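Novice: In case you want the letters, here they are:
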Amino acid sequence: SQKIEQNSEALNIQEGKTATLTCNYTNYSPAYLQWYRQDPGRGPVFLLLIRENEKEKRKERLKVTFDTTLKQSLFHITASQPADSATYLCATRARMDSSYKLIFGSGTRLLVRP
Amino acid sequence: DAGVIQSPRHEVTEMGQEVTLRCKPISGHNSLFWYRQTMMRGLELLIYFNNNVPIDDSGMPEDRFSAKMPNASFSTLKIQPSEPRDSAVYFCASSLEHPGGQYFGPGTRLTVT
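Quick note, the sequences are listed as chains L and U, same order.
Read left to right, the first sequence gives residues 1 to 114 (the numbering used here).
Read left to right, the second sequence gives residues 1 to 113 (the numbering used here).
Here chain L stands alone, though its shape is the one from the complex (with noise of 0.2 Å):
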């Protein structure tokens, strides 16, 4: 079954830069990546998509690219606000076989300074 790996390090910026993101799956080429963002104390929120024969994505301020080469996923949040601190989970399906079932990394801890 499917692996993936995210920097459990968090990860600490400036208000306005870019923040990037990585997600890294072991495996098979997954078909698509989803990227989640969770607050503490709440449920993860959806925020995109990306499947393997796109090569980028953008929503808002929000980038996604996926390199089947390196195995890997990156977010981009560009001109950074404190708002958008939370935890970034990236997940796609666990089984080449399945594309309900999704299994989700342990997240990246992102933390935007004012």
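These aren't lab readings, by the way, just hints derived from the structure by calculation.
None of these values were measured; they are calculated from a predicted model.
Some hints here could point you the wrong way.
Among the chain L residues that face chain U by a calculated CB cut under 8 Å, a handful are [claimed, not checked]: (1) Asn27; (2) Tyr28; (3) Tyr32; (4) Pro40; (5) Gly43; (6) Phe46; (7) Leu89; (8) Lys101; (9) Leu102; (10) Phe104; (11) Arg109.
Just so it is clear, CB atoms sit at the ideal spot from N, CA and C, and this is done for glycine as well.
Take the given structure of chain L and dock chain U to it, following the hints.
Specialist: Below, chain U without anything else, positioned relative to chain L:
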């Protein structure tokens, strides 16, 4: 439109007691998922339903856990008997299409003493 609704939000119970967690998915969504989140193990899928039918329950820890979805607007996750190691936040999520984003409820924080 209301999101996924879960109840109770917090549950504190003693070891050996039965615990029932409830979920109302987003209207029109045809898939429902139960997850458990802990610091040690992160977010783990326990079971998911498609059109009210359980599709994969391989994540259910053991026979003490059971889940039902009697209709499209309601699901329960039951733990009987509960144990301290069941303490976690339990999330319900629903989705409309695959692959598509899953929409999570606020979670139930369960503490078993």
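Novice: Evaluate each hint against the coordinates.
Specialist: Taking the hints in turn, this is what the structure says about them:
no.	hint	in the structure
1	Asn27	violated, 17 Å
2	Tyr28	violated, 15 Å
3	Tyr32	holds, 5 Å
4	Pro40	violated, 11 Å
5	Gly43	holds, 3 Å
6	Phe46	holds, 3 Å
7	Leu89	holds, 7 Å
8	Lys101	holds, 6 Å
9	Leu102	holds, 7 Å
10	Phe104	holds, 4 Å
11	Arg109	violated, 12 Å
In the structure shown, a violation is registered for the earlier hints numbered 1, 2, 4, 11, in ascending order.
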